[in-house]
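K.L.:
Go by the hints and put chains Z and H onto chain U.
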Amino acid sequence: MSDDSKKSQSGAQSGAQSEAQSEAHKPEPSYLTAQRGLMSWVVTIDHKRIGLMYLTATLFFFLIAGLLAITLRTELFTGQQDFMSAATYNKVFTLHGAIMVFLFIIPSVPAAMGNFVLPLMLGAKDVAFPKLNLLSFYIYCIAAVMLILTLVLGSLDTGWTFYTPYSKTTGTAVIMATMGAFVAGFSSILTGINFVVTTHKMRAPGMTWNRMPLMVWALYATALIQVMATPVLAITLFLLVIERTLSIGIFDPAMGGDPVLYQHFFWFYSHPAVYIMILPGFGIISELITVHSRKHIFGYRAIAMSSVAIAVISFVVWGHHMFVSGQSELAGIVFSFLTFVVAVPTAIKVFSWVATLYGGSIRYTTPMWYALVFLWTFTIGGLTGVYLGTLSIDVHLHDTYFVVAHFHYVMVGGTVVAFLGGLFHWWPKMFGRMYNETLGRISALLVFIGFNTTFMTQFFLGHQGMPRRYYAYLPEYEAMHQVSTIGSWILAVGLFLVLFTLIHAIKYGERASSNPWNAVSLEWHTASPPIEHNFHTTPTVTGSPYDFPEIDKTGKH
Amino acid sequence: MSTKASEHEDRPWFLAHHFDTVGQQVSSAKLGMWLFACTEVLMFSGLFLAYFIIRQLYPEMVLTASEELNKTAGGFNTIVLLTSSFTMALGVRAAQTNNNKALQRNLLITIGCAIAFMIVKYFEYTAKIEHGLLPGEYYSALEHGYMLPKYSRVFYGVYFTMTGLHGVHVLVGIGVLSWIYIRARRREFSSENYVAVENVGIYWHIVDLVWIFLFPLLYLVK
Amino acid sequence: MAHSDSTQNSTVYLNGKLVENPHEDTHHVSPVWEFSLVFGALLFLTILTYLVSYAGLGPASLPVAMLIAFIKGSLVVGFFMHLKYEDRFYAFLLCVTILFVSIFFTFVLFDMSTTAELNEEAGIEYKRHVEDSAEAAEAAAARQAAEAAGAAPAPAAAGHH
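Just so you know, the protein sequences line up as chains U, Z and H, in that order. For the first sequence, position 369 (counting from the first letter as 1) is numbered 369 according to the numbering used here, and the numbering increases by one without interruption. For the second sequence, position 177 (counting from the first letter as 1) is numbered 1177 according to the numbering used here, and the numbering increases by one without interruption. For the third sequence, position 63 (counting from the first letter as 1) is numbered 2063 according to the numbering used here, and the numbering increases by one without interruption.
Bound-form chain U, shown alone (with noise of 0.2 Å):
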């Protein structure tokens, strides 16, 4: 990496100023202003447009799925029933964790960031099948119609796992949920597809495997997961609307059927899947860091392959998730041990971003503050995982508030913190305006704030013994559950300040320049909202996406 790093200053500068020659030459209308009119985005394949429609569609059911869950924790704020009943209360978490999984995590970071900057980072000009891009997000929007129609159809209590034999007994709308899960992973195949051929293929000149900046390799390694696992789920569904229209019985003991081997079925993709939701998220925590420490990375390929060991690594610990629904014993060992094994790989990359940081100049930016965020809550979620990856004590723990906090440390305090400080970082690539720092800032604060008032409280509670999916509890848990619920408010506060902050820039900040952050990476090095094609010139890569012009080298290793 070393001997890259003297090449890559003059590449890097060498190609920003050719891109700004041109750009004197004739300014070339952006992405956003190069075509005009509703159906120039309706019929778009342009890779930016898609995924700027991704994110206003995934942002809109963050935002519901969302508020449903204040509506939850607001419920839960005594113990007795307030505002929603039993059943009612069933339908909305199962909601809640539907739109979420399906609809927000799963497309949010690859879909809608990663359609925008993957291409840009590579170099492209655009996806390797534009076309199929769109097509991709137009199944999304029918997935997206379908889990949305559940609404209407009536009782959908399933959680999100759709357990059998509860869901064949359930009421009706069981089917057409899992057929919208279903349609949204052909969705997310699609991408997928598209991602590992864009990642092979439309790599510029120079940019070797080893030159890829880090969040190409996360969108990578979760786009291979994307399509090693998905066709799965997609089977499971597709198993269990037939058992429910047919009642084929492979899922149902009354039929002579294994319950359980739903559960192997459900999980063998499922697991992976959280893995699609968090990879990304620590691709983009490898540009912020790096970047607003002005430092190289520390351990570049260290990251970039323990982005494809917990890739394969999440094929083969699934069964963790069914300690306790007659798994046999003998494979709960086993699949304790290999549960183990995923943490070296996601250590090595907390400790490599704590090292990167030591010995960094670093800039306290938005984006940076909710790195920070990101280290300490991912952190937590990351060492709870391994608490209920061990068999005994998931057995003690299994069902409560502690697996719910787990999961939300990772999935929340993980992704949805990356998200959010990824939209800050890109931001001025993606509409050329600045955001306000001190809001931005604020809302980092109010997220952390939030984020551990609402779930550092369930893990205790879970650990009392609290039992997750229930509206009522007794009065023991009543103080920390209101503490939870205050909680979950300032999150909401600070979400919608973010909100706030990124709509009022593309409104009244102020223009940004091509780069703004002094980055290294291809994005930074066209203007800033890109041009329609990305680039004048097919640029060429000459060194490590990480060596800065003006860094403090003393800390390099």
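These are computed hints drawn from the structure, not numbers from a lab. Since this is a predicted model, take the numbers as computed values, not measurements. Where hints are given, some of them may not hold.
As the list claims (entries may be wrong) - Label pairs and their calculated CB-CB ranges:
{"no.": "1", "chain 1": "H", "residue 1": "Leu2051", "chain 2": "U", "residue 2": "Leu153", "range": "48 to 54 Å"}
{"no.": "2", "chain 1": "H", "residue 1": "Val2029", "chain 2": "U", "residue 2": "Trp209", "range": "30 to 36 Å"}
{"no.": "3", "chain 1": "U", "residue 1": "Trp376", "chain 2": "H", "residue 2": "Ile2098", "range": "48 to 54 Å"}
{"no.": "4", "chain 1": "H", "residue 1": "Pro2031", "chain 2": "Z", "residue 2": "Leu1108", "range": "18 to 24 Å"}
{"no.": "5", "chain 1": "Z", "residue 1": "Tyr1122", "chain 2": "U", "residue 2": "Cys141", "range": "34 to 40 Å"}
{"no.": "6", "chain 1": "U", "residue 1": "Leu149", "chain 2": "H", "residue 2": "Trp2033", "range": "52 to 58 Å"}
{"no.": "7", "chain 1": "H", "residue 1": "Leu2051", "chain 2": "Z", "residue 2": "Thr1126", "range": "25 to 31 Å"}
{"no.": "8", "chain 1": "U", "residue 1": "Val344", "chain 2": "Z", "residue 2": "Phe1123", "range": "55 to 61 Å"}
{"no.": "9", "chain 1": "H", "residue 1": "Ala2122", "chain 2": "U", "residue 2": "Trp209", "range": "23 to 29 Å"}
{"no.": "10", "chain 1": "H", "residue 1": "Phe2070", "chain 2": "U", "residue 2": "Phe83", "range": "58 to 64 Å"}
{"no.": "11", "chain 1": "U", "residue 1": "Cys141", "chain 2": "H", "residue 2": "Pro2031", "range": "55 to 61 Å"}
Stated by the list, open to error - Listing some non-contacts, in silico: residues in chain U with all C-beta distances to chain Z over 12 Å:
{"no.": "12", "residue": "Met39"}
{"no.": "13", "residue": "Ile442"}
{"no.": "14", "residue": "Ala479"}
As the list claims (entries may be wrong) - Computed footprint of chain U on chain Z; a stretch qualifies when at least three of its residues, placed anywhere within it, have a C-beta under 8 Å from a C-beta of chain U:
{"no.": "15", "stretch": "1032-1039"}
{"no.": "16", "stretch": "1045-1053"}
{"no.": "17", "stretch": "1137-1150"}
{"no.": "18", "stretch": "1158-1168"}
Note that CB positions come from ideal geometry on N, CA and C, so glycine has one too.
P.N.:
Here is chains Z and H on its own, set in the frame of chain U:
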């Protein structure tokens, strides 16, 4: 980028705007298709696993119930699909060697085989439905005089799901093959530009591949 | 948009060797006889599948049938799908797929086969097998009784083909 249009004059008509060379476009399309092929394999693997589980749970039942499947029809369909795979491969070769006539001929044979497969499947299904050898709730073999174990309904559930999903793939195959045939008639393909034919070929071979495993498992279990 | 020259002048090294046109595949045209030979082999193996099925190999018949199917599949993938002449990466992808499928199969089948004890405790094993065969025997007896009474249903029990 209209100002740079002059630079594009040497670009062939089928080269999309975001690719630099034809080779890049072709290899992207193929890699995408292979990834898709992998997803197909993984998707069917779930059904195969369901089959093996059922077989593990009820070894006797699977043997007895599968005796009722029509081995002749299954064998005939195997031959039909293998033939169609063969002609598909020849079709791709014809496209590679600029032999448009042979391409069209081979595509027609392939489509014909696919339709023949579905016709045989139709008769098989009708026979099963008439005899009440149906999945799950609709299973009524006993009323039709078949002394099969009760859980045969699960076997027929698996049978209909596997062959049904495979049949859907055959139908989709007929669709894409016809589309390629129409494009071949318009003489869109040449030795430079045949990746669409090749990709449809890969899809069709996957359909064949699934059947190669389905056939012995469902029809010839012993 | 310097598409041709500047793009291809860039050097990409793989394992220390220069790779020309890293984004491209090679074109390979297989001779007709190769396809015909493969087709012949596939037909032969299909017949072999039949023979194996009727040979009565007992518990070995499933692995043997699977082995034959695997050879057939490899022929289709290798020659008809051209994998033998393609970029190695496609073969790698397929291997990874097969690896994941085998992980999936191994763990689930392993778990399902080790739950027998649990199932016995819960009486599931009994329900599955004893009740199942009892019901089948009952049904058969009922049918025989009906036949004896002269009201035999039309189709023969042996099947329809």
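K.L.:
How does the coverage statement for the stretch 1158-1168 of chain Z fare against chain U, requiring three or more residues with Cβ below 8 Å from a Cβ of that chain?
P.N.:
holds (count 4)
K.L.:
Is the coverage entry for the stretch 1032-1039 of chain Z by chain U consistent with the three-residue Cβ rule at 8 Å?
P.N.:
Answer holds; 5 residues pass the 8 Å Cβ test.
K.L.:
Per the hint of 55 to 61 Å, is the separation of the Cβ atoms of Val344 (chain U) and Phe1123 (chain Z) within bounds?
P.N.:
Given about 57 Å between the Cβ atoms, the range holds.
K.L.:
Kindly confirm whether 55 to 61 Å is satisfied by the beta carbon distance between Cys141 (chain U) and Pro2031 (chain H).
P.N.:
Between Cys141 (chain U) and Pro2031 (chain H), where Cβ atoms are some 48 Å apart, the hint is violated.
K.L.:
For the stretch 1137-1150 of chain Z, do three or more residues have a beta carbon lying closer than 8 Å to a beta carbon of chain U?
P.N.:
Satisfied; 3 residues make the cut.
K.L.:
May I ask you to check that Ile442 (chain U) keeps its beta-carbon over 12 Å from the closest beta-carbon of chain Z?
P.N.:
41 Å, holds
K.L.:
Compute the least Cβ-Cβ separation between Ala479 (chain U) and chain Z, then decide whether it is above 12 Å.
P.N.:
46 Å, holds
K.L.:
Please test the hint of 25 to 31 Å on the beta carbon pair from Leu2051 (chain H) and Thr1126 (chain Z).
P.N.:
Holds - the Cβ-Cβ distance for Leu2051 (chain H) and Thr1126 (chain Z), about 29 Å, lies within 25 to 31 Å.
K.L.:
Go ahead and decide if the range 34 to 40 Å is satisfied by the Cβ distance of Tyr1122 (chain Z) to Cys141 (chain U).
P.N.:
35 Å, holds
K.L.:
So the hint says 48 to 54 Å: do the beta-carbon atoms of Leu2051 (chain H) and Leu153 (chain U) match that?
P.N.:
Taking Cβ atoms as reference, Leu2051 (chain H) and Leu153 (chain U) lie about 53 Å apart, which means the hint holds.
K.L.:
Starting from the hint 18 to 24 Å, judge whether the C-beta atoms of Pro2031 (chain H) and Leu1108 (chain Z) obey it.
P.N.:
23 Å, holds
K.L.:
Lying within 52 to 58 Å: is that true of the beta-carbon distance Leu149 (chain U) to Trp2033 (chain H)?
P.N.:
For Leu149 (chain U) and Trp2033 (chain H) the Cβ distance comes to about 56 Å; the hint holds.
The structure is inconsistent with the numbered hints 3, 9, 11, although it conforms to all the rest.
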